[in-house]
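Chains as they are written, first to last, in the numbering used here: chain B, 26 to 291; chain Z, 1094 to 1583.
Source of the hints: derived by calculation from the structure; they are not laboratory data.
Glycine included, each C-beta is placed from N, C-alpha and C at the ideal position.
Any given hint could turn out to be false.
To be verified - Here are some of the chain Z residues that sit facing chain B, going by a computed Cβ distance under 7 Å:
#: 1; residue: L1260
#: 2; residue: Y1343
#: 3; residue: A1460
#: 4; residue: S1464
#: 5; residue: L1472
To be verified - In the EDC-like style, the derived pairs of lysine to aspartate or glutamate whose C-alpha atoms are separated by at most 20 Å in a straight line are:
#: 6; chain 1: B; residue 1: K125; chain 2: Z; residue 2: E1478
#: 7; chain 1: Z; residue 1: K1388; chain 2: Z; residue 2: E1377
#: 8; chain 1: Z; residue 1: K1481; chain 2: B; residue 2: E162
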Amino acid sequence: MLDNTIYNERLDTMNDVKISARGVNVFYADTHAIKDVDVDIKDKMVTSFIGPSGCGKSTFLRCLNRMNDTIDICRVTGDIRMDGQDINAKEVDPVQLRAKVGMVFQKPNPFPKSIYDNVSYGPRIHGMARTKAEMDEIVEKSLRRGALWDEVKDRLHAPGTGLSGGQQQRLCIARAVATEPQVLLMDEPCSALDPIATAQIEELIEELRQNFSVVIVTHSMQQAARVSQRTAFFHLGNLVEYGETGQIFTNPTDSRTESYITGRIG
Amino acid sequence: MSVTFLLLILVGLAVVGFFFGRARALSTVQGDTRRLHSLPQYYGAHVAIFAFVPAAILLCLWLAILPAINGFLTQNALDPSDIPEGRDVSLVMEEVKQVAAGLDKAVAAGTITAQEADQPEQIIDDLRARFGAAGVALGGDVRLSVLQAATTLRDARATQRTVLTVLLIATALAGFVWAARQITPDHRARTSVEFSIKVLLIASALVAILTTVGIILSLIFNTVEFFRMFPAADFFFGMTWQPSFQGESYLGIIPLLWGTLYISLVALIVAVPIGLFAAVYLSEYAGPRTRSVVKPLLEILAGIPTIVYGLFALLTVGPLLVDVFGKDGLLGVTWMGGGTSVMTAGLVMGIMLIPFVSSLSDDIINAVPQSLRDGSYGLGATRSETIKTVILPAALPGIVGAILLAASRAVGETMIVVLGAGAAARLDLNPFEAMTTVTAKIVSQLTGDVSFDSPEAMVAFALGMTLFVITLGLNVLALRIVRKYREQYD
Chain B
26 MLDNTIYNER LDTMNDVKIS ARGVNVFYAD THAIKDVDVD IKDKMVTSFI GPSGCGKSTF
86 LRCLNRMNDT IDICRVTGDI RMDGQDINAK EVDPVQLRAK VGMVFQKPNP FPKSIYDNVS
146 YGPRIHGMAR TKAEMDEIVE KSLRRGALWD EVKDRLHAPG TGLSGGQQQR LCIARAVATE
206 PQVLLMDEPC SALDPIATAQ IEELIEELRQ NFSVVIVTHS MQQAARVSQR TAFFHLGNLV
266 EYGETGQIFT NPTDSRTESY ITGRIG
Chain Z
1094 MSVTFLLLIL VGLAVVGFFF GRARALSTVQ GDTRRLHSLP QYYGAHVAIF AFVPAAILLC
1154 LWLAILPAIN GFLTQNALDP SDIPEGRDVS LVMEEVKQVA AGLDKAVAAG TITAQEADQP
1214 EQIIDDLRAR FGAAGVALGG DVRLSVLQAA TTLRDARATQ RTVLTVLLIA TALAGFVWAA
1274 RQITPDHRAR TSVEFSIKVL LIASALVAIL TTVGIILSLI FNTVEFFRMF PAADFFFGMT
1334 WQPSFQGESY LGIIPLLWGT LYISLVALIV AVPIGLFAAV YLSEYAGPRT RSVVKPLLEI
1394 LAGIPTIVYG LFALLTVGPL LVDVFGKDGL LGVTWMGGGT SVMTAGLVMG IMLIPFVSSL
1454 SDDIINAVPQ SLRDGSYGLG ATRSETIKTV ILPAALPGIV GAILLAASRA VGETMIVVLG
1514 AGAAARLDLN PFEAMTTVTA KIVSQLTGDV SFDSPEAMVA FALGMTLFVI TLGLNVLALR
1574 IVRKYREQYD
């Protein structure tokens, strides 16, 4: 952990920073997967992480809600603060943190339960609804936010696994927003989907931005350019460049970024 | 020639065929294997298979139908008057076979010369003594008619052996030559060999199935036979089990079924929670190092012979229970008379079943995709919430299957019951009473000198059939449950 003077030095002067990471290192057993990464995630904006496979962007994403805790051999060092609170501090319960920082995974992973139970899972374990009516309301609102309500409103008690791939992914997004998180992490949410479902998800991300700050890992540079306001480029565990999306794609300062977005490395 | 020797010849021919076929295939292309359709060893295998398999099939068929032919021949040699009043033909036939085998043995031992054996009528009075010298014991003096039939049988066998030898070698050679002549560079030897391998695989699968069918058929026929001697209603609804070989038996299955189910229930009440908790600990909480030690240790329990468990029940658990629940025990109650009881057997059987439940459930829980765990943790669920609300429901069908498998093991368990539960067939609710099960009674009805024409012995088949139907039902149920819910995830 860095001491406070360095932390303040490195702190981005811009306001409305939701999550700020300083000097983050991640080790998988002996592999040094993330090397001294500094990133500021801004509120109510979409931030995308791009980079070749194995560059550490998903690993870094998982640091933001301490999902790496579930992997025994994984060790995270450095300072990650959400609203100024160190998320790796002893008094922070990772379970509470994950309720505030939702996550959507690469492969749609609905639980083998009904659509309704999938969405109400988070609110139920966090005790967010006192009555059945309140729960119904949360489920409907979340499914509407996930742009899935109209397609499933007549079969809320059908199994979530029976939906198509794109619908399943939107169900997972609805499930994640049902706990009212402040940040939504998306790990390649469209990589298993066809272009139409991808377009629907991208539209959804644009809408979600109104309420959450969204961090998305993607392999598609077009997708990063379309949906995000800020882009970070990772390479071999290093954060190479981070800035406005338009600037990264039109006028990158680092030669590696330029090579990657023009398709010369990757 | 003996069958063993014939088989050796066949194997030899096959080996020769392999090398010959390979060499011939190579020579057709002057050693350039690229011009062959298949690799050279496939040509060799092709010849070997055709040399061996048809002859081997012929041998099997021959051995299968020969006894019937010989039986027919010998029976013709016997006069109807030779069969004593009130005795069965099959008994006389046995005698004939015994004498024929005795002659062969005596010749081999040198107490009878080969010439004498061909005309045994001349030494008929001396026969019993000479057999005795060769180690063959006969029940009485040999009757002339039996001796003549035995001679006919021996003659027939001698002829048959010659015919068989010639036929087999001819078949093997014909197969050899036919396959060898087929070899050209374009011949698809690989296809033919792979077809033979497929047939072999199918045959192996059939062996298990056919054996099961055979066992079931024999159970069914004997059960039907039993119900001819004993009314089915008394068997299925009788409340008393009191076999007596002097007649007047009460053979009601209800007390036995009750004992079986009661003991199995106790065993499952012990095994299911413990096994399941162990599985959850192993798959969700234990680190890889703990797991690698604990899991094999648990599985060792499954390798202990059940008779050892039975001893444990008899010598340790039984007395321990009496100390607590028996007369002058810790609790001051006298629920338990002796060491053998439903509780004793059930507890020990439960311990035996723990590794079954835990090992199978552990595998099933591990098969729940990691993505479901991630999804649940990602929503802020704790580990125990994830296990309760996501993992166990997803794994439930498999766990139910594991429990039902354990149940069918419990129903079929014998040794623990024999030693731990006692032998008294009783209908009682007190779990500290001695009771007994279907399996234990099958053992006791069939041990000792048993003649299979009394209902007291034949009842074993009906008991076995009932048990089989119960375990089959449990297994079918388990399969159906597993199949119905299997596609829930992924």
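We went through each hint and held it up to the structure:
Interface hint at L1260 of chain Z: violated, since its Cβ lies 63 Å from the closest Cβ of chain B, which is beyond the 7 Å cut-off. Taken as an interface hint, Y1343 of chain Z does not check out: its beta carbon lies about 52 Å from the nearest beta carbon of chain B, beyond 7 Å. For A1460 of chain Z, the suggested interface contact is broken, since its CB lies about 13 Å from the closest CB of chain B, more than 7 Å. About 4 Å separates the beta-carbon of S1464 of chain Z from the nearest beta-carbon of chain B, less than 7 Å, and the hint is met.
A distance limit of 7 Å between C-beta atoms decides the matter here; for L1472 of chain Z the minimum to chain B is near 4 Å, and the interface restraint holds. Proposed proximity of K125 of chain B and E1478 of chain Z is supported: the alpha carbons are some 17 Å apart, at most 20 Å. Restraint check for K1388 of chain Z and E1377 of chain Z: the C-alpha separation of about 13 Å stays at or below 20 Å, so the hint holds. Straight-line distance between C-alpha atoms of K1481 of chain Z and E162 of chain B comes to about 25 Å, which puts the hinted pair past the 20 Å bound.
Going down the numbered hints, you'll see the structure goes against 1, 2, 3, 8, while the others check out.
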